[in-house]
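Chemist: In case you want the letters, here they are:
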Amino acid sequence: MVTFTLNGETRQVDVEPDMPLLWVLRDELKMTGTKFGCGVAACGACTVHLNGEPVRSCQTWIEDVEGAEVTTIEGVDNKAAQAIQAAWVELQVPQCGYCQSGQIMQASALLIETPKPSDDDIDAAMESNLCRCASYARIRKAIHRAADIMEA
Amino acid sequence: MIAYLSNVLDAPRPSRRGFLKLSAGAVGGLLIGGMAPRSVAAADEDGSFAMPFVHITPENVVTVVSKHLDKGQGTATGLATLVAEELDADPAQITVEFAPADAEVYANTMFGLQGTGGSTAMANSFQQYREAGAAARAMLIAAAAEAWGVPPGEITVAAGTLSAGGNSATFGEMAKAAAGLAVPAEVTLKTPDQWVLIGKDMPRVDVPAKSAGAVGMYGMDVQPEGGLVAVTARCPCYGGVVASFDDAAARQMRGVVDVLQIPQGVVVIADNTWRAIQARDALEIEWDMAEAEARGTDALMEEYTALLDQPGNTAIDRGDSEANLANATAVVEADYAFPYLAHATMEPLNITVLYDGETAEFWTGSQIQTLDHNVGAAVLELDPSKVQIHTKWGGGSFGRRATADSHLVAEAAMIGSAYLASQGEARPIKLVYTREDDLHGRYYRPLHLHRVKAGVDAEGRITGWQHRVVGQGIMIGTAFESFTVKDGVDHSSVEGASDTTYDLPHLVLDTHHPSVGTPVLWWRAVGHTHTAYVMETMMDELAEAAGQDPVAFRLAHLKNDPRLAGVLTLAAEKAGWDQPAAEGIHRGVAVHKSFNSYVAEVAEVRMRDDGTVKVERVVCGVDCGVAINPDNIKAQIEGGLGYGLSGILREEITLTGGEVDQFNYPDYTPLRITDMPEVEVHIVASAEAPTGIGEPGTPPIGPAVANAVAKATGQRIRSLPFTKHGLA
Ligand code: FES
Ligand code: FES
Numbered sequence: 000m001v002t003f004t005l006n007g008e009t010r011q012v013d014v015e016p017d018m019p020l021l022w023v024l025r026d027e028l029k030m031t032g033t034k035f036g037c038g039v040a041a042c043g044a045c046t047v048h049l050n051g052e053p054v055r056s057c058q059t060w061i062e063d064v065e066g067a068e069v070t071t072i073e074g075v076d077n078k079a080a081q082a083i084q085a086a087w088v089e090l091q092v093p094q095c096g097y098c099q100s101g102q103i104m105q106a107s108a109l110l111i112e113t114p115k116p117s118d119d120d121i122d123a124a125m126e127s128n129l130c131r132c133a134s135y136a137r138i139r140k141a142i143h144r145a146a147d148i149m150e151a
Numbered sequence: 000m001i002a003y004l005s006n007v008l009d010a011p012r013p014s015r016r017g018f019l020k021l022s023a024g025a026v027g028g029l030l031i032g033g034m035a036p037r038s039v040a041a042a043d044e045d046g047s048f049a050m051p052f053v054h055i056t057p058e059n060v061v062t063v064v065s066k067h068l069d070k071g072q073g074t075a076t077g078l079a080t081l082v083a084e085e086l087d088a089d090p091a092q093i094t095v096e097f098a099p100a101d102a103e104v105y106a107n108t109m110f111g112l113q114g115t116g117g118s119t120a121m122a123n124s125f126q127q128y129r130e131a132g133a134a135a136r137a138m139l140i141a142a143a144a145e146a147w148g149v150p151p152g153e154i155t156v157a158a159g160t161l162s163a164g165g166n167s168a169t170f171g172e173m174a175k176a177a178a179g180l181a182v183p184a185e186v187t188l189k190t191p192d193q194w195v196l197i198g199k200d201m202p203r204v205d206v207p208a209k210s211a212g213a214v215g216m217y218g219m220d221v222q223p224e225g226g227l228v229a230v231t232a233r234c235p236c237y238g239g240v241v242a243s244f245d246d247a248a249a250r251q252m253r254g255v256v257d258v259l260q261i262p263q264g265v266v267v268i269a270d271n272t273w274r275a276i277q278a279r280d281a282l283e284i285e286w287d288m289a290e291a292e293a294r295g296t297d298a299l300m301e302e303y304t305a306l307l308d309q310p311g312n313t314a315i316d317r318g319d320s321e322a323n324l325a326n327a328t329a330v331v332e333a334d335y336a337f338p339y340l341a342h343a344t345m346e347p348l349n350i351t352v353l354y355d356g357e358t359a360e361f362w363t364g365s366q367i368q369t370l371d372h373n374v375g376a377a378v379l380e381l382d383p384s385k386v387q388i389h390t391k392w393g394g395g396s397f398g399r400r401a402t403a404d405s406h407l408v409a410e411a412a413m414i415g416s417a418y419l420a421s422q423g424e425a426r427p428i429k430l431v432y433t434r435e436d437d438l439h440g441r442y443y444r445p446l447h448l449h450r451v452k453a454g455v456d457a458e459g460r461i462t463g464w465q466h467r468v469v470g471q472g473i474m475i476g477t478a479f480e481s482f483t484v485k486d487g488v489d490h491s492s493v494e495g496a497s498d499t500t501y502d503l504p505h506l507v508l509d510t511h512h513p514s515v516g517t518p519v520l521w522w523r524a525v526g527h528t529h530t531a532y533v534m535e536t537m538m539d540e541l542a543e544a545a546g547q548d549p550v551a552f553r554l555a556h557l558k559n560d561p562r563l564a565g566v567l568t569l570a571a572e573k574a575g576w577d578q579p580a581a582e583g584i585h586r587g588v589a590v591h592k593s594f595n596s597y598v599a600e601v602a603e604v605r606m607r608d609d610g611t612v613k614v615e616r617v618v619c620g621v622d623c624g625v626a627i628n629p630d631n632i633k634a635q636i637e638g639g640l641g642y643g644l645s646g647i648l649r650e651e652i653t654l655t656g657g658e659v660d661q662f663n664y665p666d667y668t669p670l671r672i673t674d675m676p677e678v679e680v681h682i683v684a685s686a687e688a689p690t691g692i693g694e695p696g697t698p699p700i701g702p703a704v705a706n707a708v709a710k711a712t713g714q715r716i717r718s719l720p721f722t723k724h725g726l727a
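Respectively, the protein sequence lines represent chains C and V.
Residue 0 is where the first sequence starts when you use numbering that gives the first Met the number 0, and the numbers rise one by one after that.
Residue 0 is where the second sequence starts when you use numbering that gives the first Met the number 0, and the numbers rise one by one after that.
Incorrect hints may appear among the rest.
[To be verified] Have a look at the derived ranges for each label pair, beta carbon to beta carbon:
| no. | chain 1 | residue 1 | chain 2 | residue 2 | range |
| --- | --- | --- | --- | --- | --- |
| 1 | C | Thr9 | V | Ile584 | 41 to 47 Å |
| 2 | V | Gly152 | C | Ile111 | 56 to 62 Å |
| 3 | V | Pro223 | C | Lys115 | 34 to 40 Å |
| 4 | C | Lys78 | V | Gly575 | 37 to 43 Å |
| 5 | C | Thr113 | V | Val330 | 39 to 45 Å |
| 6 | V | Glu687 | C | Ala85 | 35 to 41 Å |
| 7 | V | Val214 | C | Lys115 | 28 to 34 Å |
| 8 | C | Gly7 | V | Gln251 | 25 to 31 Å |
| 9 | C | Pro16 | V | Pro262 | 32 to 38 Å |
| 10 | V | Glu44 | C | Thr113 | 54 to 60 Å |
| 11 | V | Glu145 | C | Thr9 | 55 to 61 Å |
[Stated by the list, open to error] Here are some of the chain C residues that sit facing chain V, going by a computed Cβ distance under 7 Å:
| no. | residue |
| --- | --- |
| 12 | Asp26 |
| 13 | Gly32 |
| 14 | Gly36 |
| 15 | Ala124 |
| 16 | Glu126 |
It should be emphasised that the hints constitute simulated quantities derived from the structure, not laboratory data.
Beta carbons: idealized from backbone N, C-alpha and C, even for Gly.
The shape of chain C in the complex, shown without the other chains:
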């Protein structure tokens, strides 16, 4: 039995210790906001916050989540995430949208670390998140826009 905090609520799951957090979220808890893209930490679609840090939930064993705080796209609501989500809508970032939960989780973590990121900061933080629709030009603009929203 693993106990952790998910989006502010205590959750207990009885699964194999090496089940990835991704599949606990999606298949055990039926929370589908966190997406499956590759399963090998190569695309970022499954990004969640673990104690505030962006991690790939497909490569995070549930046993390592014991006692931790997990935030998913369904629950993220800090100032950075709100600004990111507002900028995402304003600049119409998503196309198919499948990567965007992960992009938003990654980008909001970046803004908490670095409230005014440069293009290089954005490259470094977002390189791990694939978008097959290549919405990258808008992702970049929207992160800058979100930084402005946060500052205002």
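Starting from the known structure of chain C, arrange chain V with the ligands on it as the hints suggest.
Modeler: Frame of chain C, contents of chain V with the ligands only:
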């Protein structure tokens, strides 16, 4: 396995005429809002107004029923815009739902079956969905006129409100009354100067939800009560079948419900995706490879290269290229090689099936609903009326969800059937492809070789052009063969070359389509992904041979295609082509027509210290007829050229002894943010019927970048991807 295919072939076929008809202007106008053959609107029990394309609830929600799959290209918003425009609805009251599979009502008017592809969604719907909106508006007005006792002509409609004198009502308040009225036989559409939504940037209907987790939107997110997950172990060589297997270990594993054999392989059914994958790894399977495709890409390259020396089937032969090449002052000869490519949609393929022996339902990002419907029914030997297709938002497609054999539905149907037989109960089962399954799943953009010999004379005119193409025909051997294969030439291998509008009076192009077991498929922009590369890099080489500017040289050969010349001129002007490029920047240009849209791209590249190329900026000129939603057009050009750039830089599927060498994103590497250029899109104002936008941004980017690299390094890149040459 094959039985279902012959049933599909017996199923209603799209008309040849319908499939080939490309002019949007000729489409529609026969059915008012697609109401025939159901010529009356129906009132739902709850008092809703329900026509095939438009529903209005008493709560004042207008639902536009999308006959098309939206897999990111913005079609749902486009269709909503067309209806809202003629209905004079408030965009805020509009939602979109996907239509059920019903080819009689929801056929793509260019295909004759219900399906999305070839960048036709807006083109084939432009008349139909506007008429649907106009018809609904007329009925709402008629209902209000009756209720208020005023002539219909006195009623005005704006932003979702009907009013006349002191009376006003929402659509919702008139929905029930309108539903009981006759559908008008004719409607008058607005003239372009009356448009308030078409031509404006319309925020997409799906973006808010997709910025909040897109919870439950995709097929992958289908999580029904009591649902199970299936993963299939398939033969590593395409065409191999199970000889024997041992599932003892797998069956012992936690959560495993069953292990089933179907023609496609061995299926593990479990209560959780991860558990299903783990148990699949524990299977021991012996494969019978007798019928498997065992050739690797090296063997294919050898065979294809030999064919480059052999005359093929003629796609076009005009003038006398041989004699005129002899008169050239400079001749360029080049061989090109394009690899197999995977679509690699971010959402791996998946489908959920529920089959109880008498009825079947499927949930998936269905792209050709009619085929999916027919195949599901054929495999399960059900009447099509007993089969439902629930279309989910697609997490990308780029062509991958549209297969002539509906193999995903077929596999799911067989799993549903095998599970019912084994367990004696019906449960929803989601068949999931892992990323490895997806990349190994074939249906690739086919490997192609090209050989071109072309020459210019002293005046800089192209004298003759000889062109040979070798590659698997996408449509050959499929239910679509008769639509695009003529005299042994599959048009999808030569489109963009045999029909070039460059002034080439002496042109010969022939093809070989070798038979290879590996299934191939359209990959965003299909044949144009390689033909545009060849045409536009060759045009650049010929311009150089003629000592001319690449833009001027192209324009001199585009006298018969003013729209193509127009976008080229626009892009060149906006990119400052006549001015010297900034320090360290090298420019290349390409222009290409595909899916009836015209796109020119000027790429500005910089060579990094390590010899790799960085595309810094791309300036685009686009003519796609009426620009229904300019911001979405820009997004599609940005994404389309990003997809094309991805394809030329690092993407390649190779096979060794019939097995695919790439497994996951670490070894099949799509574009990342670090390689994405800035993109500037300029749209030509046009009153022509709207044409495609999902694909036309893709073809020009490869040659534009290659031409810029040639400027920078003197190197002409004729085999892809760029990684082969240390450029990426
Ligand atoms: S699914 Fe976790 S990184 Fe791709
Ligand atoms: S929006 Fe489709 S993968 Fe990013």
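Chemist: Please name the hints from earlier in the document that this structure breaks, with their numbers sorted from lowest to highest.
Modeler: 1, 3, 5, 8, 15
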